[in-house]
Every structure is written in C-alpha cells, then in structure tokens.
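**Student:** So you can see what is in the structure, the chains are spelled out below.
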Amino acid sequence: EAQVTQNPRYLITVTGKKLTVTCSQNMNHEYMSWYRQDPGLGLRQIYYSMNVEVTDKGDVPEGYKVSRKEKRNFPLILESPSPNQTSLYFCASSLSPRGTDTQYFGPGTRLTVL
Amino acid sequence: AQSVAQPEDQVNVAEGNPLTVKCTYSVSGNPYLFWYVQYPNRGLQFLLKYITGDNLVKGSYGFEAEFNKSQTSFHLKKPSALVSDSALYFCAVRDDSGAGSYQLTFGKGTKLSVIP
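Line order of the protein sequences matches chains A and B.
Mapping of the first sequence onto my numbering: residues 1 to 114, in sequence order.
Mapping of the second sequence onto my numbering: residues 115 to 230, in sequence order.
No wet-lab data here; the hints were simulated from the structure.
Please note that the accuracy of each hint is not assured.
Once the Cα atoms are required to be at most 16 Å apart in a straight line, the calculated EDC-like pairs of lysine to aspartate or glutamate come out as [claimed, not checked]: (1) B:K222 / A:D59; (2) B:K163 / A:E62; (3) B:K225 / A:D38; (4) B:K225 / B:E122; (5) A:K71 / A:E30; (6) B:K136 / B:E180; (7) B:K222 / A:E53; (8) B:K163 / B:E180; (9) A:K18 / A:D56; (10) B:K191 / B:D210; (11) A:K69 / A:D56; (12) A:K69 / A:D59.
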C-alpha cells in the first residue's frame, strides 16, 4: 500500500531532551515536507526537501533540523525541544516539487514538550 | 506572497442539505488549488485539486469545487451532506509563478458539523 508513515504517533518529552520523528514514504517520491498544525493557525511548513541531500527552510524552521540521506526517509530532529514546539506534526510527500503534484500526508505525530 | 483565507471557522449543516465550505486565495501568478479533509486523529486526506481547464472539479466522496478566477475563490461543495462528512477541511494553494514556488500554503481550516 502506498503510504507515508511517521513514528512515533504520540510523544511526551521534557524540555531540552533531543528527539527525532521519523518519516518514510514508499512511493519513490522526490519531494518531502514537514508541517506543524496548531489550532487557529492551520498548517505551517517547517522544512522541505526536493531530493536526496537537498533541503530548505519553510515558514517556521527555528528549533528544527532535517536530513535527507535516502530518498524514502526524511526525519525531523528537535535538538533541544521547548514547550512552544508542542504541536501536531505532519510529514508529506509528492512525486515532484511541481505545483501540480498532490502532496500525500502521514498520520501525524502529536508531540508534547513539558 | 501567496495566501489562503477560509472565512468561516465552523459550518453547521443539516444532514441531507447541500453544504459549502468557502475558500479565497491570493497569488501572483496562476493558482493551483487543493482541498484536504482531516478526520479526528487522522492525517490529511486529499479530496480534489484544480490545475487548469474546467472550473468545476469533482473529487472524492461526492465533493466538488468551483474555481472562480474573478472572485479568486475555490469553494468546496456537496449536494447532500452526510453525518460522516463532519471533519476539518483545509484549502491550500500553490503559485505557478517564479522559481522556488514549491510551498503549499494552507488556510486555517473550517470545521464542518453535519447535524442528524
């Protein structure tokens, strides 16, 4: 089944404890992206990647890192999480960066930083 | 810069009645427009998109959307609402102009409640 998977689905952590949220897609997509969803703000893009070893900042990149060493994986790294990073995170992928291509989303990771 | 507005935070409709979820956009060039739906504790599911051509786009689960260039709108519609349509709906836009226009900009979402 074609899908985007994320792990973990739920995570509660404490301020300053490094964490990684994994994202993987099995559709051979070039483009991958991370979003955060907050009430009343919709989805905001954190980082995106147009292909292996090519990443760039979105609208809200502060406090996050990403890497794209393999085409299928695009982990999101929080080196020193803070409470304002408590949010619902989504990974998405599309065949290419072209504007016409549909992005497909993972199930989400609900992160709470205490 | 591109932007999307969903003017209604919540829409309530009776089961069996037609529903409309509104979306307006702003782009420099031509828009690529998308609708997604989010059910509770689930990710976003793609409903439909407008790229070019026919202004009326048909999508999944009986939904359709009408692109209106003069009003810069892309409203989501369904002729007869089901209770199972109750969810959070997001409109999103991409601009076809210029390099680096890979960002998909989302509206803030509209919560649809279908009342039995």
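**Student:** Are the hints correct? Go through all of them and say.
**Tutor:** Verification of the hints:
1. B:K222 / A:D59: 15 Å, holds
2. B:K163 / A:E62: 31 Å, violated
3. B:K225 / A:D38: 14 Å, holds
4. B:K225 / B:E122: With Cα atoms ~8 Å apart, K225 of chain B and E122 of chain B stay inside 16 Å; holds.
5. A:K71 / A:E30: 7 Å, holds
6. B:K136 / B:E180: It holds: about 10 Å lies between the C-alpha atoms, which stays within 16 Å.
7. B:K222 / A:E53: With a Cα-Cα distance of about 31 Å, the restraint between K222 of chain B and E53 of chain A is violated, given a limit of 16 Å.
8. B:K163 / B:E180: With Cα atoms ~10 Å apart, K163 of chain B and E180 of chain B stay inside 16 Å; holds.
9. A:K18 / A:D56: The given pair, whose Cα atoms are some 21 Å apart, is violated under the 16 Å limit.
10. B:K191 / B:D210: 25 Å, violated
11. A:K69 / A:D56: Holds: K69 of chain A and D56 of chain A sit about 14 Å apart, inside 16 Å.
12. A:K69 / A:D59: Violated, at roughly 22 Å.
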